[in-house]
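In my numbering, each residue carries its 1-based index in the sequence shown increased by 97.
Each hint should be verified, as a subset may be incorrect.
Taking lysine-lysine pairs in the BS3-like style, the calculated list, with each CA pair at most 27 angstroms apart, reads [said to hold, decoys possible]:
#, residue 1, residue 2
1, LYS219, LYS179
2, LYS181, LYS280
3, LYS181, LYS225
4, LYS219, LYS248
Honestly, the hints are just simulated from the structure, not real lab data.
This one's a predicted model, so the numbers in the text were calculated from it and none came from an experiment.
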Amino acid sequence: MAMVGSQYLNQIMHIISQSLMIPCYAFLLYFVVTAVIETGALIGEMVGEKKIHKFKTKEFLSKLPETHNLELYVENSELPIKLKKVVTEFLTLASAEGARQRIVAQNLLCEQEDLIAKRTEKTDLISKMGPLLGLMGTLIPLGPGLVGLGKGDFNMLAQYLIVSFDATIIGVFAGSLTFTISKVRRRWYERYLNDLDTILETIIEVREHVAQTGKKVAIGGRL
Numbered sequence: 098m099a100m101v102g103s104q105y106l107n108q109i110m111h112i113i114s115q116s117l118m119i120p121c122y123a124f125l126l127y128f129v130v131t132a133v134i135e136t137g138a139l140i141g142e143m144v145g146e147k148k149i150h151k152f153k154t155k156e157f158l159s160k161l162p163e164t165h166n167l168e169l170y171v172e173n174s175e176l177p178i179k180l181k182k183v184v185t186e187f188l189t190l191a192s193a194e195g196a197r198q199r200i201v202a203q204n205l206l207c208e209q210e211d212l213i214a215k216r217t218e219k220t221d222l223i224s225k226m227g228p229l230l231g232l233m234g235t236l237i238p239l240g241p242g243l244v245g246l247g248k249g250d251f252n253m254l255a256q257y258l259i260v261s262f263d264a265t266i267i268g269v270f271a272g273s274l275t276f277t278i279s280k281v282r283r284r285w286y287e288r289y290l291n292d293l294d295t296i297l298e299t300i301i302e303v304r305e306h307v308a309q310t311g312k313k314v315a316i317g318g319r320l
């Protein structure tokens, strides 16, 4: 015996689930197009990453203590463009005082981390939502397909099954592609942040050493 009102509830649930079909497929198409675009962008980023990979950070840092003009040294160095821009900004904003320098360095690092998070959040979202929407796109057409099966309309069943399997493939494809993109980018960005942190910390130490040496010379001159 059916529960009172169960028929209406079933109808409402059916209407809601079927109304989600078009938005679900629209998002799946958006996801797969975005995944392809991000793949192209990743290939473009590889050119810049090759330059960063070739850059010898240790060699750059080893010459810092011998440098009298840090701004000129950074400007004429082979620092990758992204690193050089942030380091130059740090040299411009930070004074020779240790505490002030570290605050500026921390703020710049936080800004870079935020930019990186924004850069990867789209692919991270698609890598998680793509398979989920693919599953939704698989299940939604099964209802009408089963109705067709009950009526003996195998053509109707076949059409809905094709649509459902297509949704699964698109969702998994978009999800796996964007997952790979996020993984590769995250590895690049972790190295970039590590290099930036090391360079800024070394510059701070060099400046502090120069400041302390200057104070000692000044005190010695007075004595």
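Hinted pair LYS181 and LYS280, Cα distance within 27 angstroms = holds, 25 angstroms
Within 27 angstroms, alpha carbon to alpha carbon, are LYS219 and LYS179?
-> Holds: LYS219 and LYS179 sit about 21 angstroms apart, inside 27 angstroms.
Sort out whether LYS225 lies within 27 angstroms of LYS181, counting only the CA atoms.
-> Judged against 27 angstroms, a Cα distance of about 35 angstroms means the pair is violated.
27 angstroms Cα cutoff - pair LYS219, LYS248 | Distance ~43 angstroms between LYS219 and LYS248 Cα, so the pair is violated.
Hints 3 and 4 from the earlier list are contradicted by this structure; the remaining hints agree with it.
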